[in-house]
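Asks: Sequence:
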Amino acid sequence: MLELTCHCQNIQMVLPDKPLRLSECDCSMCRRYAAFWGLYAPDQITLSYHFAPQGYAAGKDRVFYHCMRCGCLTHFESSETAPEQLFAVNYRMANVSQWPSLIKSADVSFRHSLSQLSTREDIGDIRV
Numbered sequence: 001m002l003e004l005t006c007h008c009q010n011i012q013m014v015l016p017d018k019p020l021r022l023s024e025c026d027c028s029m030c031r032r033y034a035a036f037w038g039l040y041a042p043d044q045i046t047l048s049y050h051f052a053p054q055g056y057a058a059g060k061d062r063v064f065y066h067c068m069r070c071g072c073l074t075h076f077e078s079s080e081t082a083p084e085q086l087f088a089v090n091y092r093m094a095n096v097s098q099w100p101s102l103i104k105s106a107d108v109s110f111r112h113s114l115s116q117l118s119t120r121e122d123i124g125d126i127r128v
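Reading the sequence shown from the start, the letters are residues 1 to 128 in the UniProt record's numbering.
Do not take every clue at face value.
[What the hints assert, rightly or not] Pair by pair, the computed Cβ-Cβ distance ranges are: (1) Phe-51 / Met-1: 19 to 29 Å; (2) Gln-54 / Glu-80: 11 to 21 Å; (3) Lys-60 / Ser-97: 36 to 46 Å.
Think of the hints as simulated: they come from the structure by calculation, not from any bench. Quick caveat, the model's predicted, so the values are computed rather than measured. A virtual CB, placed ideally from N, CA and C, is assigned to each residue, including glycine.
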C-alpha cells in the first residue's frame, strides 16, 4: 500500500502500490496543474481529511480537488455523469524516494503523444 499526503498532511490517501495506469495529461487543466496522475477505480482509494478538500468542476466529466489549507492539488474524481468512473491521485504528492518504484509499477500514458509534436523546439529541453 502507498500513502500520500498533501503538504500540510490535512488530506491523506491510502492506495494500492500499482495504479491502473499513470498519466501525464496536457489538457487545459492538467497542463496548468503540472500533475502526474495515478488512475484507480474509486473503490481502491481510502481518502481521509480534517478539513474537506475544495472541488472545482472542470467541464462535465471531472472534479479537481485541492487542500483548503496548503493549496496542494490532491486528486480528481469522475463526475456521476462521466462515461468512466475514475479516481486520479496526483503522484507529485509522493516523496521523491518513491518515484522510481512508482514509475516502474505501471504503464505510463500521455493524452497526446510526443511524436505528434512537429519539431524539437516544440518540446524544449525534454529528453526523450
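Asks: The structure should be examined with respect to each hint, and the outcome stated for every one.
Replies: Now the hints, each set against the structure:
1. Between Phe-51 and Met-1 the beta carbons are some 24 Å apart, a value that agrees with the proposed interval 19 to 29 Å.
2. Range check, Gln-54 to Glu-80: Cβ separation about 19 Å, and the 11 to 21 Å hint holds.
3. As the Cβ distance of Lys-60 to Ser-97 is approximately 38 Å, the hint placing it in 36 to 46 Å holds.
Going down the numbered hints, you'll see the structure goes against none, and every one checks out.
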